[in-house]
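Visitor: Top line first, the protein sequences correspond to chains A and B.
Quick note on the numbering used here: the first sequence kicks off at 48 and runs consecutively.
Quick note on the numbering used here: the second sequence kicks off at 72 and runs consecutively.
Keep in mind the hints are simulated off the structure, nothing from the lab.
Just so we're clear, the structure is a prediction, and the values are computed from it rather than from any experiment.
Hints are supplied without guarantee of correctness; some may be wrong.
Said to hold, decoys possible - Residues from chain A shown here face chain B by an in silico Cβ test under 7 Å; the list is partial:
{"#": "1", "residue": "P122"}
{"#": "2", "residue": "T187"}
{"#": "3", "residue": "R188"}
{"#": "4", "residue": "G215"}
{"#": "5", "residue": "G239"}
{"#": "6", "residue": "A240"}
{"#": "7", "residue": "G243"}
Just so it is clear, CB atoms sit at the ideal spot from N, CA and C, and this is done for glycine as well.
Here's the letter readout for the chains.
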Amino acid sequence: MKKQYAVFLLIASLVIIALAAVAGSGSSFDIPAPPVVGTVIDDFKLPDADGSEHSLKALMGKKGAVIIFVATKCPVSNAYNDRMEKLAEDYKAKGINVIGINANNTEPSAEVKSHAAEKGLKFTILKDDGNKIADRLGATRTPEAYVLDTSLKLVYHGRIDNSQKTEGVTSNDLRDALDELLAGKAITKTGGAAFGCTIKRVS
Amino acid sequence: MRTTSAKLRQTIMRLSLFLTRLAVIGCLVFAALGKPQDPSAAPRSAQPDLRKVRTADWTAEPIREINLDGLKKILQRDGKDTRPLLVNFWATWCDPCREEFPDLVKLDNDYKDKGLNFVAISLDDISDIKSVVPKFLTEMKATMPVVLLNVNDPEPAIKVVDATWDGQLPATFLYDKDGKVVFRHFGRINADELRAAINRQVGGKP
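Could you build the full structure based on these sequences and the hints that come with them?
Guide: See the structure below:
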């Protein structure tokens, strides 16, 4: 038993050494890498702004779900408020539910609640205190979207669209992915990068 | 029995922690010493000098707007320029960017004569290029070169900078003389960490 433990620790040390060698320098250690598209996500439970716990599975629509990491203070996330609410309304009717997650440790539940009321965000927003789920999903910024099919398989991870300004939108990446998911097609573009605010994690 | 087992486990744990630390230090030393040439390092092309002397009055001279090609040119640099390059992506609307800016200004002052090239790339909206942006830079007494990146689709720009970056701000990258990323940080920088990384590139403290 003890021997096994020692062997395990030795292997763990070697893995860390290998990782350190690959990563070289810098601080890319801080945030775990996100699951690759195609990975099945484990179900999780988080409280909403009122403190009621919800499981991911319970919040899923019949055809899938979109998790979006959101913020109250981030101007980029705020630029997307109307688009996120419209997305939630449009796709709820089609069987895909939008689930917001606020993982900023600088934004308490009460603020999340008043912000949602003020901005007209009616989809469920969960509070990820201690950024456990943000870590599990490798989320780095707001807004950042994850699309899951009914088996909780990740089929899209990235931006909502290409432009913070609605008039500049030329690539509706998230909506395109959702439409393909609903049509039972393979997702053509499974992600996309955009500028956003760093999620304020606990240190 | 349980105590002995716990003690043993603790000893093993300490030993493995020590080994890990030793290995990490070893890797850092290895990285600091003879770094092999990276064949994937970006090719270079002619590029105007970024280190143009300017005063801290940002309202006097317009801030340069760049597109994707301009960004590529900054990252590729001039073939004769062997200085390490520090690049910070920021915006006036980004709180941690504003918070870390005084550290960057100080760092620029400390290292500009020590062989460090530095450019701060603003992601503010183009409509703010003559108002909010120069006002902030003047307040900060910033003297590093600043450009504003104006692209409709940010993805190609983000990916040309670093494959591991998804666009979260602030983002800070240090490139060695060969154009390879040797330090990256997302979110507010730790000034000591960044200084240590720069020291490794410029060979010594300022």
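Visitor: Of the hints given before, which are not true for this structure?
Guide: none
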